[in-house]
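Each protein sequence line maps, in turn, to chains A and B. The first sequence begins at 38 in my numbering and counts up by one. The second sequence begins at 368 in my numbering and counts up by one.
Keep in mind that a hint or two might mislead.
As the list claims (entries may be wrong) - Straight-line Cα separation of at most 30 Å, DSBU-like style, residue types lysine-lysine; simulated pairs:
(1) B:Lys444 to A:Lys47
(2) B:Lys439 to B:Lys484
(3) A:Lys52 to A:Lys74
(4) B:Lys484 to B:Lys444
(5) B:Lys370 to B:Lys391
(6) B:Lys454 to A:Lys52
(7) B:Lys466 to B:Lys444
(8) B:Lys444 to A:Lys74
(9) A:Lys47 to A:Lys213
(10) B:Lys439 to B:Lys466
(11) B:Lys466 to B:Lys434
(12) B:Lys439 to B:Lys454
(13) A:Lys213 to B:Lys391
(14) A:Lys74 to B:Lys466
(15) B:Lys454 to B:Lys484
Said to hold, decoys possible - Sample of chain A residues with no beta-carbon within 12 Å of chain B, all distances over it, derived:
(16) Gly60
(17) Ser65
(18) Phe165
(19) Ala179
If you are wondering where the hints come from, they were derived from the structure by calculation, not from laboratory data. Just so it is clear, CB atoms sit at the ideal spot from N, CA and C, and this is done for glycine as well.
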Amino acid sequence: MVKQQIDERKLDILKELANIGFGNAVTSLSQMLHEEKISMDVPSAELVYLQDVPELLGGAELPVAGVYIESHGGADLTILFVLSLDSSTNLILTLVPGLAGLNDQMGISVLIEVGNIMTNSYLNALSFMTGLLLIPSPPEIAVDMSGAIISTVIAEKCVLEDEVVLIKTTLKSMQKSIEGHILILPDNRALNTIFTLLGIR
Amino acid sequence: MGKRILITDDTAFMRMTLRNVLEKNGYEVVGEAEDGLQAVEMYSSVNPDLVTMDITMPKMDGIEAIKRIMQKDPDAKIIVVSAMGQKALVIEALNSGAKDFIVKPFQPDRIVEALQKVGG
Numbered sequence: 038m039v040k041q042q043i044d045e046r047k048l049d050i051l052k053e054l055a056n057i058g059f060g061n062a063v064t065s066l067s068q069m070l071h072e073e074k075i076s077m078d079v080p081s082a083e084l085v086y087l088q089d090v091p092e093l094l095g096g097a098e099l100p101v102a103g104v105y106i107e108s109h110g111g112a113d114l115t116i117l118f119v120l121s122l123d124s125s126t127n128l129i130l131t132l133v134p135g136l137a138g139l140n141d142q143m144g145i146s147v148l149i150e151v152g153n154i155m156t157n158s159y160l161n162a163l164s165f166m167t168g169l170l171l172i173p174s175p176p177e178i179a180v181d182m183s184g185a186i187i188s189t190v191i192a193e194k195c196v197l198e199d200e201v202v203l204i205k206t207t208l209k210s211m212q213k214s215i216e217g218h219i220l221i222l223p224d225n226r227a228l229n230t231i232f233t234l235l236g237i238r
Numbered sequence: 368m369g370k371r372i373l374i375t376d377d378t379a380f381m382r383m384t385l386r387n388v389l390e391k392n393g394y395e396v397v398g399e400a401e402d403g404l405q406a407v408e409m410y411s412s413v414n415p416d417l418v419t420m421d422i423t424m425p426k427m428d429g430i431e432a433i434k435r436i437m438q439k440d441p442d443a444k445i446i447v448v449s450a451m452g453q454k455a456l457v458i459e460a461l462n463s464g465a466k467d468f469i470v471k472p473f474q475p476d477r478i479v480e481a482l483q484k485v486g487g
């Protein structure tokens with residue numbers, strides 16, 4: 038994979054786009070959780086080595102649930118919503134009390150759908166801002182150590198030694214003890230397309 | 368007697384949520400399809416008055432399913448309920464024959480209002 042030509046200015050622009058996109062995703066989540074107040078960190082956009090990403094999620098061996106979609110069409114991106122197992126359970130129980138969390142097929146379905154709606158909200162916002170048609174895949178879920186999930190999600194597109202642009206935020210619902218991360222991994226062509234559309238060289 | 372509805376969504380949780388909203392509002396859910404292909408088949412076998420249709424699904428997406436159902440029945444009353452809300456695809460769904468397009472997350476009132484407007 039070709040090393041990314043990216044500078045601070047471009048990273049700032051990605052952060053700004055992400056702020057709006059993530060804002061939409063968090064708004065959707067709040068609406069699904071009965072207007073629960075959810076705080077969101079200022080997004081980060083940086084060049085990272087893929088193998089270092091699990092550390093950013095709390096450690097490669099931390100068991101987590103990850104729901105992700107891929108977008109194709111105008112730009113190829115992977116969008117991933119990751120939560121700890123406790124947060125997953127709290128989210129599931131907020132929506133459907135009485136389920137056995139991730140041990141319940143319906144619980145898994147709840148998480149898939151929440152992740153689906155959030156990642157699509159991000160995509161819808163990005164589409165609106167850029168005019169690109171971004172066609173989402175049906176969502177996938179993985180419950181595993183974060184290192185394993187990152188490997189699986191990225192496996193087809195690049196190798197772990199690659200340096201990639203990672204756009205990220207962390208969200209928290211204090212009341213319901215739900216905390217998670219949203220990660221965006223655009224591929225190089227997606228970044229070039231977006232910057233070209235915005236008139237940035 | 369309530370109007371008969373076919374629900375289409377690839378997520379069990381969303382099918383359950385829609386069923387609850389619809390039954391609470393006097394509709395009869397006569398079938399649940401998990402993808403566009405099932406929706407097209409069930410439209411014939413179950414003959415609903417109304418259909419809710421997701422867009423992003425495996426095997427056959429909602430736009431394709433809408434086209435095929437409209438081919439079978441030009442009077443079919445389909446409303447889209449999808450997480451995907453980009454303008455180009457909304458327009459394509461409506462041009463293919465959908466009568467309304469609701470973006471998730473939705474308020475239950477919005478679904479009921481859309482169905483009532485379509486003649487349910």
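Nearest-CB test (12 Å) between chain B and A:Ala179: 16 Å, holds
Given the hint that B:Lys439 pairs with B:Lys466, test it: the Cα-Cα distance must not exceed 30 Å. This hinted pair holds, its Cα atoms lying about 16 Å apart.
Tell me if the straight-line CA distance from A:Lys74 to B:Lys466 falls inside 30 Å. 34 Å, violated
Would the pair B:Lys439 and B:Lys484 pass a check requiring their Cα atoms to be no farther apart than 30 Å? 22 Å, holds
Please verify that the nearest CB of chain B lies beyond 12 Å from A:Ser65's CB. 6 Å, violated
Between the alpha carbons of B:Lys444 and A:Lys74, is the straight-line distance 30 Å or under? Given pair B:Lys444, A:Lys74 is violated - Cα atoms ~37 Å apart, limit 30 Å.
Verdict on A:Phe165 as a residue remote from chain B, using beta-carbon distances over 12 Å: 8 Å, violated
Under the criterion that the straight-line Cα-Cα distance not exceed 30 Å, is the pair B:Lys454, A:Lys52 satisfied? 24 Å, holds
B:Lys370 and B:Lys391 were given as a pair; does the straight-line alpha-carbon distance stay at or below 30 Å? 13 Å, holds
Keeping to a limit of 30 Å between CA atoms, is the pair of B:Lys439 and B:Lys454 held or broken? 26 Å, holds
B:Lys466 and B:Lys444: Cα distance at most 30 Å? 7 Å, holds
Assess, step by step, whether the Cα of B:Lys484 is no farther than 30 Å from the Cα of B:Lys444, and give holds or violated. The given pair, whose Cα atoms are some 10 Å apart, holds under the 30 Å limit.
The earlier numbered hints that this structure contradicts are 1, 8, 9, 14, 17 and 18.
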